[in-house]
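Visitor: Protein sequence lines correspond, in order, to chains A and B.
Numbering-wise, full-length UniProt numbering puts 473 at position 473 of the first sequence, and it's gapless, one number per residue.
Numbering-wise, full-length UniProt numbering puts 103 at position 103 of the second sequence, and it's gapless, one number per residue.
Think of the hints as simulated: they come from the structure by calculation, not from any bench.
Hints are not guaranteed to be accurate.
Pairs involving identical chains hold if they fit within one copy or between any two copies, as the list cannot separate such chains.
As the list claims (entries may be wrong) - Lysine to any residue pairs mimicking SDA-like chemistry, simulated, CA-CA at most 25 angstroms apart:
{"#": "1", "residue 1": "K175", "residue 2": "R185"}
{"#": "2", "residue 1": "K392", "residue 2": "G631"}
{"#": "3", "residue 1": "K630", "residue 2": "A322"}
{"#": "4", "residue 1": "K648", "residue 2": "A294"}
{"#": "5", "residue 1": "K376", "residue 2": "R332"}
{"#": "6", "residue 1": "K648", "residue 2": "V304"}
{"#": "7", "residue 1": "K606", "residue 2": "F450"}
{"#": "8", "residue 1": "K606", "residue 2": "Q453"}
{"#": "9", "residue 1": "K469", "residue 2": "I439"}
Here are the chains, one letter per residue:
2 protein chains.
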Amino acid sequence: MATLNDIGVAAAINILTAFAFLLAFAILRIQPVNDRVYFPKWYLKGLRSSPLANGGAFASKFVNFDWKSYIRFLNWMPAALQMPEPELIHHAGLDSVVYLRIYLLGLKIFVPIAILAFTVMIPVNWTNNTLEHSGLTYSDVDKLSISNIPIGSNRFWTHLVMAYTFTFWTCYVLKREYEIVAAMRLHFLASEQRRPDQFTVLVRNVPPDPHESVTELVQHFFLVNHPDHYLSHRTGFLGLWGNRVDAIDFYTSKAERLSRDISSEREEVTNNPKSIMPAAFVSFKTRWGAAVCAQTQQSRNPTVWLTEWAPEPRDVYWENLAIPFVYLTIRRLIVAVAFFFLTFFFVIPIAIVQSLANIESIEKAFPFLRPIIEVKFIKSLIQGFLPGIALKIFLMFLPTILMIMSKFEGFISLSSLERRSASRYYIFQFVNVFLGSIITGTAFQQLNNFIHQSTNQIPRTIGVSIPMKATFFITFIMVDGWAGVAGEILRLKPLIIYHLKNFFLVKTEKDREEAMDPGTIGFNTGEPQIQLYFLLGLVYAVVTPILLPFMIVFFGFAYVVYRHQIINVYNQEYESAAAFWPDVHVRIIVALIVSQLLLMGLLSTKGASQSTPLLITLPVLTICFHRFCKGRYEPAFVRYPLQEAMMKDTLERAKEANLNLKGFLQNAYIHPVFKSADDNGSDSDNDITTGEWEQEPTLVATKRTSKRFTPLPSKDGGSLLPSDEVKDERSKP
Amino acid sequence: MATLNDIGVAAAINILTAFAFLLAFAILRIQPVNDRVYFPKWYLKGLRSSPLANGGAFASKFVNFDWKSYIRFLNWMPAALQMPEPELIHHAGLDSVVYLRIYLLGLKIFVPIAILAFTVMIPVNWTNNTLEHSGLTYSDVDKLSISNIPIGSNRFWTHLVMAYTFTFWTCYVLKREYEIVAAMRLHFLASEQRRPDQFTVLVRNVPPDPHESVTELVQHFFLVNHPDHYLSHRTGFLGLWGNRVDAIDFYTSKAERLSRDISSEREEVTNNPKSIMPAAFVSFKTRWGAAVCAQTQQSRNPTVWLTEWAPEPRDVYWENLAIPFVYLTIRRLIVAVAFFFLTFFFVIPIAIVQSLANIESIEKAFPFLRPIIEVKFIKSLIQGFLPGIALKIFLMFLPTILMIMSKFEGFISLSSLERRSASRYYIFQFVNVFLGSIITGTAFQQLNNFIHQSTNQIPRTIGVSIPMKATFFITFIMVDGWAGVAGEILRLKPLIIYHLKNFFLVKTEKDREEAMDPGTIGFNTGEPQIQLYFLLGLVYAVVTPILLPFMIVFFGFAYVVYRHQIINVYNQEYESAAAFWPDVHVRIIVALIVSQLLLMGLLSTKGASQSTPLLITLPVLTICFHRFCKGRYEPAFVRYPLQEAMMKDTLERAKEANLNLKGFLQNAYIHPVFKSADDNGSDSDNDITTGEWEQEPTLVATKRTSKRFTPLPSKDGGSLLPSDEVKDERSKP
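With these hints in hand, go ahead and build the complete structure from the sequences.
Guide: What follows is the structure, encoded as structure tokens:
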């Protein structure tokens with residue numbers, strides 16, 4: 001058992017490590033040669049140019065000789081905090097700003113809880129002599145924890161009241177935060193400039209039709225079912241106000257990037273029916289029209305003509321657009337089963353690898369290494385190091401594995417892929433880090449135990465072990481949290497890779513631009529890590545409040561570091577307007593419920609079982625609170641209110657009456673294959689392409705309209721296709 | 001333990017009872033005096049007039065002397081089956097027809113299962129001697145069940161294969177049935193005549209506004225956010241094509257039914273702002289417009305301006321229209337807790353009542369009864385009878401209690417109230433009848449046991465008891481199923497009540513009309529009963545297949561009886577177009593999963609635990625199947641596809657170009673208080689009211705439009721109200 005002294009020593013070591021990282025960072029960042037590693041965001045925004053290109057002494061291009069800048073080596077911290085939130089939203093997007101708010105939320109929840117715990121619970125715990133008389137070995141940490149209260153004591157009422165207070169406080173903060181984030185999101189969406197995704201709906205599972213191509217089919221369907229009433233041939237606005245402004249189909253086949261004959265190649269792809277996916281981005285003239293189409297069911301058969309908001313163009317995950325409905329169900333089942341086995345049985349293959357990767361087999365495989373291995377020091381090093389290596393490698397690749405799973409499941413935007421991976425990563429950490437540390441043994445053993453245990457025994461088993469693991473988790477917070485965050489700011493890996501690339505590969509300024517790896521927040525790994533801290537904080541708040549200050553230091557420090565990184569380094573690949581907040585909210589709720597159940601289990605072993613009814617009420621209330629929040633705030637993250645859409649449409653019409661929306665939208669959703677082809681060409685080339693795209697929908701629309709008024713057979717035979725039936729009836733009156 | 005002989009005797013008794021009921025029914029139904037009890041549906045349809053009013057001998061008006069009709073006393077059965085399904089839909093509505101399909105579904109699932117079970121499993125079970133050598137008492141029924149297989153036998157593979165076969169068959173039938181019912185629903189909705197609810201959306205939680213009345217607010221909101229584009233003041237269609245055709249507000253205060261001054265009274269209510277609820281029925285010009293509004297979110301704040309499809313006018317539960325969003329969450333919590341206690345602790349108050357209601361306390365309360373009670377025979381009768389009485393009374397009132405709970409929860413249509421009550425009733429029966437019979441003891445004791453048992457022990461505990469209870473459930477099916485259904489057709493209670501009323505109260509023909517009680521299907525009690533049979537059938541299909549024929553007889557007999565009742569007796573209060581089918585489907589899925597888990601528990605005690613992984617796969621696959629069905633078919637029961645709406649709108653416009661939709665809609669949604677006032681008046685009176693209602697929206701619309709074009713302050717002060725802001729911006733271009 002660690003004493004307070006031990007923890008102090010560990011804290012000192014970790015603080016020193018963190019400090020060393022910060023120092024290294026402070027020195028490295030002001031060297032001009034590292035500028036692109038530590039300030040890539042500004043390069044990407046075009047606000048900073050390479051110091052190497054500027055004039056001046058040769059050496060000072062690479063190394064900073066200005067001694068004054070070394071003195072102010074920590075001044076990045078206040079600088080990081082200075083940029084006000086609205087500016088930060090403009091600079092880095094809402095996703096990043098709301099992501100930072102998760103750290104702030106940690107501070108908001110845990111600072112008052114810690115103050116209350118230290119003024120009320122620590123004295124209550126401390127002024128007992130249970131442990132002294134128990135004859136057990138114990139440490140000072142345990143004297144501050146719930147373990148020091150005698151069995152059946154009335155003092156447990158304090159813990160009960162505190163559990164209620166903490167729950168209410170957490171719920172209050174969560175509700176307020178949800179409210180703020182929802183308002184921020186709505187405000188962000190409302191104040192935003194015109195964006196293509198506001199007008200666009202993604203249509204998937206377009207049913208196959210033997211008579212019409214997908215393009216024609218999509219056009220007919222939406223002409224019939226979403227007639228934009230401002231279009232009227234009577235009034236003569238034809239063409240300019242075509243209903244379906246454009247339906248840019250998406251082509252899979254990989255057009256070769258020959259800049260010479262891009263257009264002919266593209267034409268070929270466009271005309272090849274096999275390369276056309278049954279999915280389309282349909283744009284509308286108004287936000288209202290898009291909002292209506294995205295939120296409603298189009299067809300009788302709910303598995304075809306599936307509409308949803310188009311993700312931001314950058315956010316589209318093109319590979320998954322064409323998965324049929326039935327496959328989605330099957331894929332989800334497969335992934336669910338695979339993830340179950342991954343979580344509970346991942347140790348089995350690792351154990352096999354470990355059993356193979358021993359010194360004997362290495363010696364057998366590489367006999368020439370034997371003399372080196374047989375050295376006693378090296379041998380013991382390898383023996384201590386080897387077993388862990390398979391696990392470390394596995395854990396390193398885990399986020400990638402989870403991301404592959406999510407991709408296989410068929411999500412169609414990067415943001416939803418990351419959110420799904422984050423959920424899975426959290427579950428994995430909950431089972432294997434949280435439960436795995438509390439009840440030693442593999443996840444599978446735990447699972448087996450739980451199945452064979454009675455339902456009310458499970459929280460008891462875990463609850464009892466909770467206080468004993470406090471020191472372990474305090475150390476964990478310092479190593480993983482403090483030193484880990486400090487390591488994040490140093491960016492050792494990108495630094496090394498950048499310099500290697502710079503040395504060996506970079507020839508032009510453009511190459512240097514590509515060698516730069518700003519990275520992203522990494523929601524799929526970062527958020528589950530924060531959530532683990534929320535879980536630890538809530539679980540230990542009542543049991544061992546001494547853990548809370550360590551938590552608070554983590555949240556505060558991480559907030560500053562990530563704010564700095566977001567301002568100077570990360571470059572988000574997409575903007576989902578904080579669509580992840582419901583996930584963050586629900587995971588904190590889960591942590592709260594877990595903490596309540598574990599406290600119940602713990603107290604039931606402490607002769608305070610008369611408190612069980614009161615403790616059972618807590619999760620019920622918490623779930624009820626969650627359902628309320630879900631109903632009240634979640635729609636802001638899922639749907640798009642018509643009032644809002646109408647307001648923006650009206651405003652826009654008032655301000656820019658003659659806006660050419662078509663021109664704005666036509667190039668928004670193009671498969672990267674085509675896009676990169678465009679990028680290679682010059683700007684004028686790009687304009688030509690634009691012209692080409694602009695023509696196409698008009699052409700189709702004209703053909704279509706003529707058909708409407710001439711009963712003569714038109715190009716596609718004039719046969720009565722399913723959608724033609726409806727159309728013909730419409731033209732009757 | 002009952003032998004096959006015992007069951008035969010019980011079957012004979014129950015068949016005789018059922019036969020006696022049928023005979024009594026056959027005789028009673030052809031007596032003219034009972035005509036209104038057994039054929040009320042035809043009276044309500046106006047297709048049958050009272051035999052008492054016709055000419056003929058006095059006595060023959062009351063008693064049937066035609067001896068020939070007594071010979072054909074069972075001919076109602078083929079008659080009930082003769083009416084073809086489309087005609088039945090027209091006669092009794094889709095709800096009733098689909099309800100009958102539940103019984104048919106039982107036959108479709110269990111007849112093939114029974115055939116397979118009798119050809120394969122009965123021989124496999126029978127040809128063992130386990131029970132003979134076990135020294136236990138056993139019966140012939142047990143010899144036919146899984147109990148007769150020796151522990152660890154390879155014959156369990158038969159049961160495993162059968163479990164798979166039965167699951168796949170059930171899923172196949174379920175999927176096909178879901179498909180058919182969904183198609184029937186869509187066809188019904190599509191082929192239906194114009195109905196007010198197709199054009200109407202219910203708006204709830206209209207936010208309070210200090211400057212505008214609810215009516216004005218609703219009108220402004222929908223004028224701005226759902227501008228119907230065919231309306232244009234420019235074109236001069238004003239009034240005729242007013243966007244918001246009508247928003248009939250709903251007034252709570254109970255207008256006294258004085259036919260003299262109805263209109264003045266109504267005016268008073270209309271003008272009293274306190275009696276106006278923040279809810280409105282908003283009608284649209286097209287089905288498309290209504291479909292869009294019902295399926296989308298209107299406002300930023302998802303707790304106000306809640307829109308949903310208006311229920312059928314008959315189906316509206318007016319009392320719940322005005323419950324605010326926050327209260328709904330709280331009410332749901334309260335009901336959930338109350339239902340939990342009702343299910344698991346209902347025995348406690350009943351036990352208390354029972355302990356009070358003993359002979360001693362009766363003697364104390366009513367000393368004059370003592371001489372009678374002290375007679376030995378009467379005493380023992382009371383002692384045997386009394387304890388059960390409280391329970392019987394409770395069970396009689398249970399559906400009512402559950403219905404009150406559902407009403408308290410805030411559902412806004414009778415159909416959803418019945419669906420919710422049915423779910424609760426099923427859960428109650430599952431816990432207290434199914435589990436309660438298998439594991440003797442109260443539900444609370446079971447709950448307590450389950451909490452203290454390990455998770456994998458629970459299916460084992462129940463599974464082991466399953467085969468032992470087969471004979472009990474066979475008897476249950478005969479008493480509750482066979483004799484119960486035969487009792488249903490006799491309608492003893494309505495018969496007695498009708499004759500009592502007829503004798504004491506009835507003065508006019510109208511009174512007689514009111515004395516008639518056709519009743520309804522009673523979805524909230526009937527469906528859970530059928531579900532209990534599905535559960536029993538699926539659970540025993542593998543374990544004791546001898547139970548299946550009894551089940552099949554029930555389903556067949558009940559089908560005929562209920563078909564007869566639906567044709568001749570029941571009068572549905574509403575038509576939900578089979579909206580209950582997803583509930584039916586999911587409960588059968590639950591029964592399937594329960595049967596799989598129990599089989600797993602049973603086999604694990606039989607030394608066949610190597611089959612566990614194979615058996616665990618079954619529920620996983622079943623859940624996956626359910627999710628597929630939910631995605632594929634449920635939307636047909638929840639949403640209304642735009643394609644469909646557009647098609648109907650187009651057709652209608654083509655056929656009836658000059659339809660006065662406003663006239664059609666204006667009287668559809670009126671609170672029953674007003675409606676009954678109308679009924680009292682003559683037809684011309686009704687017309688006057690119509691005119692009155694017709695005027696109102698036009699008036700408001702005019703005021704509104706003038707405001708839009710004149711910047712002068714209009715009637716309500718011209719101050720910038722929230723919705724005015726938007727409006728003003730719209731009028732800029």
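Visitor: All the hints need checking, so say for each whether the structure fits it.
Guide: Against the structure, the hints come out as follows:
Proximity of K175 and R185 under a CA criterion of 25 angstroms is satisfied intra-copy only: 15 angstroms inside one chain copy versus 41 angstroms between copies. For a Cα distance limit of 25 angstroms, the shortest separation of K392 from G631 qualifies neither inside one copy, at 41 angstroms, nor across copies, at 40 angstroms. Proximity of K630 to A322 under the C-alpha cut-off of 25 angstroms is restricted to the inter-copy arrangement: shortest distance 21 angstroms between copies versus 31 angstroms within a copy. In the homo-oligomer, the alpha carbons of K648 and A294 lie at most 25 angstroms apart both inside one protomer (17 angstroms) and across protomers (21 angstroms), since each shortest distance falls under that limit.
In this homomeric assembly, K376 and R332 never come within 25 angstroms of each other (Cα to Cα): the closest approach is 51 angstroms inside a single copy and 70 angstroms across copies. For the homomeric pair K648 and V304, the shortest alpha-carbon distance between copies (20 angstroms) is at most 25 angstroms, but the shortest distance inside one copy (30 angstroms) is not. With identical chains, the CA atoms of K606 and F450 are at most 25 angstroms apart both within one copy (21 angstroms) and between copies (23 angstroms). Proximity of K606 and Q453 under a CA criterion of 25 angstroms is satisfied in both settings, with 20 angstroms inside one chain copy and 21 angstroms between copies.
Within a single copy, K469 and I439 get their C-alpha atoms as close as 9 angstroms, which meets the 25 angstroms cut-off; across copies the closest is 41 angstroms, which misses it.
Comparing the model with each numbered hint stated earlier shows that hints 2 and 5 do not hold.
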